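Engineer: Here are the chains, one letter per residue:
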Amino acid sequence: MNSSVMAIILTLCEAIRRGTPLLLGTTGEILNEKSGSLNLGVEGTMAVGAITGALLGLSTSSLFLALIGAFAGGMFCGLIYAFLTITLKANQNVTGLAITIFGGGLCLFVGETLKSSGKFPAYTTEFYSVITGGGIPLLKDIPYVGQLLFSYNALVYIAIAIAVVVWIYISKTKSGLRMRAAGENPAAADSVGINVDAERYKNIIVGSGIMGLGGVYMALFINNGLWNTDWINGYGWIAVALVIFANWSSARAIWGSYIFGLLLALKSRMPSLASAFPSILSWSTSIPTELFDALPFIVTMLVLIFTSMRKHKSTGSPAGLGLNYFREER
Amino acid sequence: MTNIVEIRNLTKTFGEVVANNNVRLNLRQGEILALLGENGSGKTTLMNMLSGIYQPDSGDIFINGRKVVIHSPEEAKRLGIGMVHQHFKLIDTLTAADNIWMGTESEPFYLEEKLAFAEKCNPCDSSDPKVLSSQKRKLLKAKINLRVRAFGYKLGKFIKGQPLRKQRFETIDQITHDFGFDLDSRKTVSDMAVSEKQTCEIVKVLFYGAKILILDEPTAVLTTQEIQKLFATMRRMKERGCSIIIITHKLNEVLEISDRVAIMRKGEYITTVDTKDADEQLLTELMVGEKVELHIDRPKTDFDRPLLEIRNLTVKNDEGSVAIDDMSFYIRGGEMLGVAGISGCGQKELCEAIAGLRKIEKGEINHKGQSLIGLPPKKIIEMGISMSFIPEDRLGMGLAPSMSITDNMMLKTYSEGRFNPFVNRKKARERAKQLIDALNIVTPSTETPVRRLSGGNVQKVLVGREIESSPNVIITAYPVRGLDINSSYAIYDILNEQKKNGVGILFVGEDLDVMLALCDKIMVICHGKLMGVVHAEKATKEQLGLMMTGALDLQIENAKPYGIAKDSNIAEEAHDDENK
Amino acid sequence: MTKTNKDQLIKISKRQNLALKYKLLLTLGAILLSLVLGGILLACLGYNPIKFYTEMIMGNFKNASYVKLMVRALIPLLITSLGVSLAFKMRFWNIGGEGQFIVGAIIAMTFSLLIGDSLPSPLGAVVVVLLGTLGGGLYALFVAVLKVKFNTNETLMTLMLNYVALYLASYMLKTDFFAIQGQGVPAFKVIAESLWLTEINIGKFSFDTALFIAVALTIILFVYFKQSKQGYELNVVGDSPNTAKYAGMKVNRIIVRTMFLSGAIIGMAGALKLCGSSAGHTFSANITGGVGWTSIIVAWLAKLNPVGIFIASLLMSILERGCAFARTSLGISDAMSDVLQGIILFTVLASDFFINYKISFRKKAKLSPEVAGAGQSGEIGTSDDVAEERETDGEITPSAITETAVADVENADRVQADSAKESDGSENAVTDDKTTQENAEETAPKDENTPNDPVPQKEETFSPAKKKTAVKKSATTKNTAKKPTTTAKKPATAKKTAAKGSVSAKKTAAGKTAGKAKKTSVKGGADNE
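Chains as they are written, first to last, in this note's numbering: chain A, 1 to 330; chain B, 331 to 910; chain C, 911 to 1439.
Derived from the structure by calculation, the hints contain no laboratory data. Here the structure is a predicted model, which means the values were calculated and not measured. For every residue, glycine included, the Cβ atom is placed at its ideal position computed from N, Cα and C. A few of these clues could be false.
What follows is a list of derived Cβ distance ranges for each label pair [said to hold, decoys possible]:
{"hint": "1", "chain 1": "B", "residue 1": "Ser-732", "chain 2": "A", "residue 2": "Lys-119", "range": "48 to 54 Å"}
{"hint": "2", "chain 1": "A", "residue 1": "Ile-305", "chain 2": "C", "residue 2": "Gln-1091", "range": "31 to 37 Å"}
{"hint": "3", "chain 1": "C", "residue 1": "Lys-1059", "chain 2": "A", "residue 2": "Ser-3", "range": "56 to 62 Å"}
{"hint": "4", "chain 1": "C", "residue 1": "Lys-961", "chain 2": "A", "residue 2": "Ala-161", "range": "31 to 37 Å"}
For lysine-lysine, the following DSBU-like pairs were computed, each having C-alpha atoms within a straight-line distance of at most 30 Å [said to hold, decoys possible]:
{"hint": "5", "chain 1": "C", "residue 1": "Lys-1084", "chain 2": "B", "residue 2": "Lys-756"}
{"hint": "6", "chain 1": "B", "residue 1": "Lys-692", "chain 2": "A", "residue 2": "Lys-172"}
{"hint": "7", "chain 1": "C", "residue 1": "Lys-1059", "chain 2": "B", "residue 2": "Lys-757"}
{"hint": "8", "chain 1": "B", "residue 1": "Lys-496", "chain 2": "B", "residue 2": "Lys-471"}
{"hint": "9", "chain 1": "C", "residue 1": "Lys-972", "chain 2": "B", "residue 2": "Lys-692"}
{"hint": "10", "chain 1": "A", "residue 1": "Lys-172", "chain 2": "B", "residue 2": "Lys-490"}
{"hint": "11", "chain 1": "C", "residue 1": "Lys-1213", "chain 2": "C", "residue 2": "Lys-978"}
{"hint": "12", "chain 1": "B", "residue 1": "Lys-756", "chain 2": "C", "residue 2": "Lys-1160"}
{"hint": "13", "chain 1": "B", "residue 1": "Lys-689", "chain 2": "C", "residue 2": "Lys-1160"}
{"hint": "14", "chain 1": "B", "residue 1": "Lys-757", "chain 2": "B", "residue 2": "Lys-830"}
{"hint": "15", "chain 1": "B", "residue 1": "Lys-756", "chain 2": "C", "residue 2": "Lys-1057"}
{"hint": "16", "chain 1": "B", "residue 1": "Lys-419", "chain 2": "B", "residue 2": "Lys-450"}
{"hint": "17", "chain 1": "B", "residue 1": "Lys-496", "chain 2": "B", "residue 2": "Lys-450"}
{"hint": "18", "chain 1": "B", "residue 1": "Lys-757", "chain 2": "C", "residue 2": "Lys-972"}
{"hint": "19", "chain 1": "A", "residue 1": "Lys-89", "chain 2": "C", "residue 2": "Lys-978"}
{"hint": "20", "chain 1": "B", "residue 1": "Lys-460", "chain 2": "B", "residue 2": "Lys-473"}
{"hint": "21", "chain 1": "C", "residue 1": "Lys-1084", "chain 2": "B", "residue 2": "Lys-763"}
{"hint": "22", "chain 1": "B", "residue 1": "Lys-763", "chain 2": "C", "residue 2": "Lys-931"}
{"hint": "23", "chain 1": "A", "residue 1": "Lys-89", "chain 2": "C", "residue 2": "Lys-1268"}
{"hint": "24", "chain 1": "A", "residue 1": "Lys-89", "chain 2": "C", "residue 2": "Lys-931"}
{"hint": "25", "chain 1": "C", "residue 1": "Lys-1057", "chain 2": "B", "residue 2": "Lys-708"}
{"hint": "26", "chain 1": "B", "residue 1": "Lys-646", "chain 2": "C", "residue 2": "Lys-1213"}
{"hint": "27", "chain 1": "C", "residue 1": "Lys-1155", "chain 2": "B", "residue 2": "Lys-709"}
{"hint": "28", "chain 1": "B", "residue 1": "Lys-692", "chain 2": "A", "residue 2": "Lys-174"}
{"hint": "29", "chain 1": "A", "residue 1": "Lys-172", "chain 2": "B", "residue 2": "Lys-484"}
{"hint": "30", "chain 1": "C", "residue 1": "Lys-931", "chain 2": "B", "residue 2": "Lys-678"}
{"hint": "31", "chain 1": "A", "residue 1": "Lys-115", "chain 2": "C", "residue 2": "Lys-972"}
{"hint": "32", "chain 1": "B", "residue 1": "Lys-692", "chain 2": "C", "residue 2": "Lys-1059"}
{"hint": "33", "chain 1": "B", "residue 1": "Lys-871", "chain 2": "B", "residue 2": "Lys-596"}
Stretches of chain B that chain C covers, calculated by requiring three or more beta carbons in the stretch to come under 8 Å of a beta carbon on chain C [to be verified]:
{"hint": "34", "segment": "730-736"}
{"hint": "35", "segment": "763-770"}
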């Protein structure tokens, strides 16, 4: 009895663990898209955030600095993207892909170079305990519930907080309103005096910073601060899909990312679940793990198809998404 | 009476087209001025310059006697100019309140004025160095103090201004009420009816303190009652000290609501008259001007049986309202039928419906007795009906902008040769060359991408191509829009050639003089309804003008239905059916 | 807000056309720039950029076998890029190159294993490759149909399908059908020899069969785009779907067909790689080698032109192989090629801007040799003069030393006196500005129409800020006097001159202006000293 409950709880914990970088990536991308920018560079942005944050954090053994570094790295990518698509009016799709390729390459390059030269910082024991430990001191000892709700590292809670703040910003503040206007109908926003370009710049850069946080999470908490070539591993693309799944609301994205996190967690947790519930889940051992890997993408495809099939198209997707705004062409 | 707006010698050219030529206009404080003119007279361009969307090439604008240059809509807004456009600038997914309110900025701190004042109060003019330095220090402290306070003020305002309070609905509701409107500020724009959207736009403009209101064809989308409500609103605004310019075509409205009427024609300013001294007759005369004797050929042909017959056609436009309302007419072979009407009266939808590009709600379209309804555009082209519509942006419908003239020439004929997978550019290139010579198209070569040509030349390509495919019905809309005299005549010649060959031509145009000279008959549409069909030789410009504005409906006047041919092919079919 | 000042400083307008040679020059310049940037990055990390680039070239041309490796990298890239360009030309963002490649290879692998030796070579190989092609086409067709029917976002769909294919491929490694198990590390089976695509020998060089196919495909596609009916339709649909519809083209059918072809070509690339020797005639989970991503860069770089694609593919292959070589010889991570590719794409995107848009700076109006660094010539309109006017920071120009300036000065006196009385400076500063403004206008030489009506008093409705802006704008009389009142700072300046009396006012003003030639202009000549 206990072990089956534990199996479930552990699975859920893993789901939340896996879901956190998704949440960060999705929230960042929501900021991008709501202001009208379809930023496909999430994967690359997360990679850059991962490497800068990890390097900074590991060498200083400070989680705080790691987060700062990651945010800065993400902002850097966001700045490039914003400059190219807003000021230089480049095609958003292609620019985003360029960021992905560049960012991923940069992360690999720096990581491998440092690794092979032996200069990749290793974590100190105290930092390691920060990475692997975490949790709110007293609350986490509550049986079951404590494990489920209070035993995570700081970034998990920060991610939720960020998602909530972003949600408030978008739907409840005046700046968020203006930003939405800029994404929805730049010409109308312009006519009222909203600076469409500035709104986009702001949101792209901050959103990319948040994505960077997602990246460093992958590096430090999922890969435990150890270098390997697959730090981001497609989570960036899942985030892009999650935005649609969450209907462009970062509050919805919270539970959306945990659901996807569950799908991802099942890959490693399925065997223990199966042994905990043999009667129901014995068939599951024959499911290839690759199916679990592919599941988030398949689910996203289904979401994409079904949302586009809906006749009554009231989505949170801004009408001006993906289109560059050039005031002259009024 | 002071002039709140003065426009002097404003000129605006788009490429070769002079949209406004040394236009003058005065708007007096507290009056309602109607701006009247036909299509292409330049009214909207002028108002766009006033509201900051276009920049004039030369000329001056004075607001309250002060010369201004208006670079953008925001600057116009600050000057107190607010324009309600024909195409609303609203964000569909937001509420009315949000749309109105989102452009507000908080009260500024007036830092610069305060700094200047500080300088005045702390003069550094002592000759004693010690006193001077202490004076300077005092001044510096004062300035720093001001800057810090400014920053804090801005920050505080920003934070305070962030949360969207429920209160904003009440505020907007209150303001709306004060202005005398009835608008639910909580309603989302996409849920609103057209007249509500317009109200929202008007409130928006007033909200930002507009004292000079410009309304561009506001009544086009309103019902009669709504129009009366709008007028009541305008009078209310007038009482509050606003000055209003209303762009309109409708003479009855002009006479009802305006204090003065300014008339424009073909980019020129004609004059301004007091409304109380004017009547429909006078206004129409001013609007259309004297009849200009154009030496356009009108070859006499034997009219053939009706080639194209339209019966009871009803078509909707993109917004869902009725564009063509129960219209019937016909075109005979060898006949040129002109279509006159104010821009937006439904011509575009009519052309699209015939070409198979727009759904038909009800009615019949018959070509040589065969119904065209439901046929794909390609089939309609194959049957010999060619449609060339020159929209305002010219490139939108008929041409592929990045492709060469040659490639565009082939657009309808490229699939010739059933088993040949390749296109034959040679033929198209020759045709292009011929066209370039015949119409004096200015272009470096036949392979130049079409978007690099100037406007008039683009049209020549378009019209020329349509003619090339040897159709038996040609529908051409604004073929000479923006062209110079010579090119225009070249096109008239082409059309006449076709006419002589027995082709039936539907000519949708803007210039009444041209139509009176060129066409055999002219039909007039107003708000999607047929007002009448007249013989061009016997018609007068005034008559056409009155019909265009809806003041004259020949079908009612003469109590007989126009548009049904006596020797109709449709009747024959019915007859045949009965015989079976 | 004074943001509008900046708007007029740099005017951006769409360009009509740029001659081909300039386009090429810009693109080339972009690529060179990116190499420089890459070099900087290397230097920062402690490597020698020159050495790196030389090794990169060496890695490709050192000897015949290196050239062959480069060619082997070129082939799938070239074919895939051609396929991608087909879709891109129609503005259909097919990001699914990776997936379509893999699927082509999977299908080819499947049938290879099924057919085995039963068909004579090269028939077997042909069959297998064709089937792979078909597979890739169907994989893309799926997305096209969804797009046409439901307007599903093709970018995301193709992306998702990439991952599905990838995981399918890694799953295959676990099956007995595809792989040999039980050897520690499972390995994919090698396909039967009769299905191998061998090399064709010409003289003493041996070329992969696939190379000829790739080159042939380039030519075919070139002809397709330029000369065929379908290519023509493709171009029209990509350029203006409305025009295509209007001309009677079946736009949906064209989209689906083109997308099928796009995926098919990419699938062929996958199948060819499987059967060819570069991959050892066997499948692997990363059989693509990232070609699905690189092909997008290539296609964009080459502006979707087949010939350009050939050249760009060559370039990218040299880059990739070079970096791989540099890894062995210099120990530099070969992720450098990704980094370089990314930078190249950035610079090319940036250069695209200069190809498509024209920047013009506002010209400093009128004469004045002293107007140094005032910005390059460009288009001017009346608005430019305005912008220039607004830049003034309150200096009085020499030309203002006419009665105008004197009048200004006298007014400044008045301003002084008035403002001293008031406690709230702001309102008055502005008001007084206005008064000074108005007077200045009146005394200015009338070389253009001026309003007939008397200057009205201030309106209560305008807030001070708005008034100020209005004042700013009206400071644009083109005639001589540079008004000293566009900002509130001016009373201070005016004050100074006023205090010193008219004559010295001239001197001071002149001195000031001479010193601050930056933003002022001389109008009507400086014949007043």
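Engineer: Does Lys-1160(C) sit within 30 Å of Lys-756(B), going by the straight-line distance between their CA atoms?
Structural biologist: It holds: about 25 Å lies between the C-alpha atoms, which stays within 30 Å.
Engineer: According to a criterion of three or more residues whose C-beta lies within less than 8 Å of a C-beta of chain C, is the segment 763-770 of chain B covered?
Structural biologist: The restraint on the segment 763-770 of chain B is violated, since only 0 of its residues have a Cβ under 8 Å from chain C and three are required.
Engineer: Just to be careful, I want the Cα atoms of Lys-757(B) and Lys-830(B) compared with a cutoff of 30 Å; is the pair within it?
Structural biologist: At roughly 25 Å apart (the allowed maximum being 30 Å), Lys-830(B) and Lys-757(B) satisfy the hint.
Engineer: Check whether the Cα positions of Lys-1084(C) and Lys-763(B) lie no farther apart than 30 Å.
Structural biologist: Outside the cut-off at roughly 65 Å; violated.
Engineer: Would the hint linking Lys-1084(C) and Lys-756(B) be met if the CA-CA limit is 30 Å?
Structural biologist: violated (58 Å)
Engineer: Just to be careful, I want the Cα atoms of Lys-756(B) and Lys-1057(C) compared with a cutoff of 30 Å; is the pair within it?
Structural biologist: violated (36 Å)
Engineer: Can the restraint linking Lys-871(B) and Lys-596(B) be considered satisfied, given a maximum Cα separation of 30 Å?
Structural biologist: holds (15 Å)
Engineer: Holds or violated: the 31 to 37 Å window for the beta-carbon distance between Ile-305(A) and Gln-1091(C)?
Structural biologist: At roughly 36 Å between Cβ atoms, Gln-1091(C) and Ile-305(A) fall inside 31 to 37 Å, so the hint holds.
Engineer: Between the alpha carbons of Lys-1155(C) and Lys-709(B), is the straight-line distance 30 Å or under?
Structural biologist: holds (12 Å)
Engineer: Does Lys-1213(C) lie within 30 Å of Lys-646(B) when you go C-alpha to C-alpha?
Structural biologist: violated (41 Å)
Engineer: Mind checking the alpha carbons of Lys-460(B) and Lys-473(B) for me, to see if they're no more than 30 Å apart?
Structural biologist: This hinted pair holds, its Cα atoms lying about 20 Å apart.
Engineer: Take a quick look at whether Lys-1059(C) and Lys-757(B) sit within 30 Å of each other, Cα to Cα.
Structural biologist: violated (37 Å)
Comparing the model with each numbered hint stated earlier shows that hints 3, 4, 5, 6, 7, 8, 9, 15, 16, 17, 18, 19, 21, 26, 28, 30 and 35 do not hold.
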